[in-house]
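Once you have looked at the hints, place chain V on chain S.
Protein chains: 2
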Amino acid sequence: MPAMQMDDLILVSVDDHTIEPPDLFERHVPSRYKDLAPKVVTFANGEQRWTFDGKMIPNIAAAAVAGRKREELGAEASRYSELRKGLYDVHARVDDMNANGVLASLCFPNITGFAGELFLNGQDKDLMLAMVQAYNDWHVEDWCGPYPGRFIPMAFVPLWDPQLAAKEIRRMARKGVRSVCLPENPSAFGLPSVHRDYWSPVLEACTEENMVVSIHIGTGGPPQPPSADSPIDWLNSMINITVASTLVDWTFSPMLRRFPTLTFALSEGCIGWVPFMMERVDAAYRNHRFWTRQNLGDLMPSDIMRRQFLFCFHEDAVGLKNRHDVGVDLIAWECDYPHADSTWPRSPEKLWEEVKTFPREEIDKISHGNALRFFGFDPFQHVPREQATVAALRAQARHVDTREQSLGGGRAPALDPELNVLTFGTMAKLHAALSQGLETA
Amino acid sequence: MPAMQMDDLILVSVDDHTIEPPDLFERHVPSRYKDLAPKVVTFANGEQRWTFDGKMIPNIAAAAVAGRKREELGAEASRYSELRKGLYDVHARVDDMNANGVLASLCFPNITGFAGELFLNGQDKDLMLAMVQAYNDWHVEDWCGPYPGRFIPMAFVPLWDPQLAAKEIRRMARKGVRSVCLPENPSAFGLPSVHRDYWSPVLEACTEENMVVSIHIGTGGPPQPPSADSPIDWLNSMINITVASTLVDWTFSPMLRRFPTLTFALSEGCIGWVPFMMERVDAAYRNHRFWTRQNLGDLMPSDIMRRQFLFCFHEDAVGLKNRHDVGVDLIAWECDYPHADSTWPRSPEKLWEEVKTFPREEIDKISHGNALRFFGFDPFQHVPREQATVAALRAQARHVDTREQSLGGGRAPALDPELNVLTFGTMAKLHAALSQGLETA
Chain S
78 MPAMQMDDLI
88 LVSVDDHTIE
98 PPDLFERHVP
108 SRYKDLAPKV
118 VTFANGEQRW
128 TFDGKMIPNI
138 AAAAVAGRKR
148 EELGAEASRY
158 SELRKGLYDV
168 HARVDDMNAN
178 GVLASLCFPN
188 ITGFAGELFL
198 NGQDKDLMLA
208 MVQAYNDWHV
218 EDWCGPYPGR
228 FIPMAFVPLW
238 DPQLAAKEIR
248 RMARKGVRSV
258 CLPENPSAFG
268 LPSVHRDYWS
278 PVLEACTEEN
288 MVVSIHIGTG
298 GPPQPPSADS
308 PIDWLNSMIN
318 ITVASTLVDW
328 TFSPMLRRFP
338 TLTFALSEGC
348 IGWVPFMMER
358 VDAAYRNHRF
368 WTRQNLGDLM
378 PSDIMRRQFL
388 FCFHEDAVGL
398 KNRHDVGVDL
408 IAWECDYPHA
418 DSTWPRSPEK
428 LWEEVKTFPR
438 EEIDKISHGN
448 ALRFFGFDPF
458 QHVPREQATV
468 AALRAQARHV
478 DTREQSLGGG
488 RAPALDPELN
498 VLTFGTMAKL
508 HAALSQGLET
518 A
Chain V
78 MPAMQMDDLI
88 LVSVDDHTIE
98 PPDLFERHVP
108 SRYKDLAPKV
118 VTFANGEQRW
128 TFDGKMIPNI
138 AAAAVAGRKR
148 EELGAEASRY
158 SELRKGLYDV
168 HARVDDMNAN
178 GVLASLCFPN
188 ITGFAGELFL
198 NGQDKDLMLA
208 MVQAYNDWHV
218 EDWCGPYPGR
228 FIPMAFVPLW
238 DPQLAAKEIR
248 RMARKGVRSV
258 CLPENPSAFG
268 LPSVHRDYWS
278 PVLEACTEEN
288 MVVSIHIGTG
298 GPPQPPSADS
308 PIDWLNSMIN
318 ITVASTLVDW
328 TFSPMLRRFP
338 TLTFALSEGC
348 IGWVPFMMER
358 VDAAYRNHRF
368 WTRQNLGDLM
378 PSDIMRRQFL
388 FCFHEDAVGL
398 KNRHDVGVDL
408 IAWECDYPHA
418 DSTWPRSPEK
428 LWEEVKTFPR
438 EEIDKISHGN
448 ALRFFGFDPF
458 QHVPREQATV
468 AALRAQARHV
478 DTREQSLGGG
488 RAPALDPELN
498 VLTFGTMAKL
508 HAALSQGLET
518 A
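Sequence order for the protein chains is S and V.
According to my numbering, the first sequence holds residues 78 to 518 in order.
According to my numbering, the second sequence holds residues 78 to 518 in order.
Pulled out of the complex, with its shape left as it was, chain S reads as follows:
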């Protein structure tokens, strides 16, 4: 057998994002709620925003830069014309996946928050549930439906009612959904903590339906920078490793001992910090458990981490080097299309550079095998394995233009006058500025 080449990679990404098309809710919302569903409003100056329940959602596609000139990025996008079509149109999306050699993709939502938290606090609970269900139905039928084997269907739940959530999980299981998004830290949204029985019905349903709980970075509440002067670069640097806090909190939750076969994917959390964290949590348990009265029985905390977590990365040379200390069966690759950290459209080249010296068996686990096993998803029923490689998929996308384009935008953000960078303190001004002059057309 000849040595493996980059072109032989099979790529399954466990973290991408749909950007919602403006007509998302139209087909799926019950007629009595049509007028109340989230909708896109175009303002006199051409800017567009999603609105729902009296609120305006700040950005139609936060940090969604795929296909745009990076140097032109400001605080966009503000209108659909500034977006590459592959962000919100599933047919163009599959073209973009092909151009990047990606077989299958797990797509998180965008305007709803990465765990559907937009619908959590609305007053009209029937309306909110209808919106959750409409979104999930759209995702399964309109986004994943036309391309069997190309998307791992996921859903979010009515977070405010665990019994309803369990019911929605079972409803979506029957439609083939393989994963449920939950927030990193429900307490940050006013819900009971991950340590409480409140979550039992939800986690029981996930366990019984063999669904993975996907926890995406950025769903743990507002970032906690050292100060208002901290540059936004602090957040861009810290946002992945912040999930270590989530991992440790869940690890000590009684829920994980109650549902020992339940699994979690830590989406976009990266992996380079994981071996350190496993060593440290065991040391902390060993050194301090007498006075904290912690008791995990026969297990060490790292045993629970290894039993129940999938660690997901987009680029992480350090983590891949230490893959055996993470657990080579616990690592899954991500593309993170269309965000600024994504490797699209050069994912095969970038991943190959990091893994090319590994045994083929390990490369296959990391590039797709672990993901398919964790999520219980079999794309090869629909796409024969020989048609699933980077080379085969890219051959189908010969005419897709992946060059960065000028799509407009590039408004200067609000800089701190002394520090000359965008800080947490000036970010608030930026958000205000972005909403200025928005008069209905």
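Because identical chains cannot be distinguished in the list, a pair is counted as satisfied if it fits within a single copy or across any two copies.
Pairs of lysine-lysine residues, derived as DSSO-like cross-links and limited to a Cα-Cα distance of at most 30 Å, are as follows:
no.	residue 1	residue 2
1	LYS202	LYS252
2	LYS398	LYS433
3	LYS111	LYS132
4	LYS398	LYS427
Quick caveat, the hints were computed from the structure, so don't treat them as lab data.
All figures in this text were calculated on a predicted structure; none of them were measured in a lab.
Only chain V this time, still in chain S's reference frame:
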């Protein structure tokens, strides 16, 4: 030359703690302030607390368990009789260092906070400055003085006035002090952030006096657990890696570009996460700097980290395995006596287990060489090198009893009734309980 053995190690610890003896301030406070200085009060039930400026300091020696049976640890210690003498008596401390084969030690304060923040907000600024100076004088004269070469002298500063702080730094430099403690995150104490000019006089003085800024974990403000239900085990696991946030914040501070030769020691921050963080901060800068308007000139953020930081660990097998990705010249060992995470009295055995396969040159850098270079401290003027090894020091301590002892204490902490562990929510109750029944004797 025969192969290196554990007994040949030379150990310099860049993170230990003095526990303050009750008479600390007596000799060093100007007579007009004698009555106002911090003092130890003994209550009717035998408990003891430091009091100052109308406040009671919760714990005379938080987490200071050296020499005590770990299983008996509650939320102590509450009286000096529950402490091993080596915690607060420098002669017994040197015995304990000898028994552990440790040549030299950098000792952080305890009751003042690890950066002297106890004195920050007092109303009477003259009194506060006098207390800072009294503490520093005690540390240099009474703690470090009797044992030249055995302690790297450090000081803290009047944080509320950068000019006064610079003056104190220069005063202490003349007394041989080699390091100044600053808090991880001054903003958490109401001070200007690390990005602001406020810190220029302080950092300029450190630069000119070639002093290291020591930043100890736990000085970034209150911990930020996911919820009140999070177990204290969360903090014990996360407290080290939390300093990654501090590192990133300082890295982007204009101060580090203004003072490029200034160095920082990240005390008790560990090292296993460092290679990941260096990779990630560079990726974040590369991917996002256009819209955040960050500009480090010719440098990448990791260049600044490598230029100006010393990474300090007590136990970190993962970090040591990845030492070349951290930078083998940027790593220093710590004992962390007398805290629960300390490896005392088996530090040589534990460190040797982690480093014994390394080249001798690397072991020497990690065990003492980097520390002595960074801190500009030469113990061999006072202790000949052949008398400085683990074997030589332990030979001097043949009669020191290092067995764990029952010293009393072990009060049950306040557990969450449902979760049955000590949580952040019940910790507050615990602190209240510890102060109950404290009636002046």
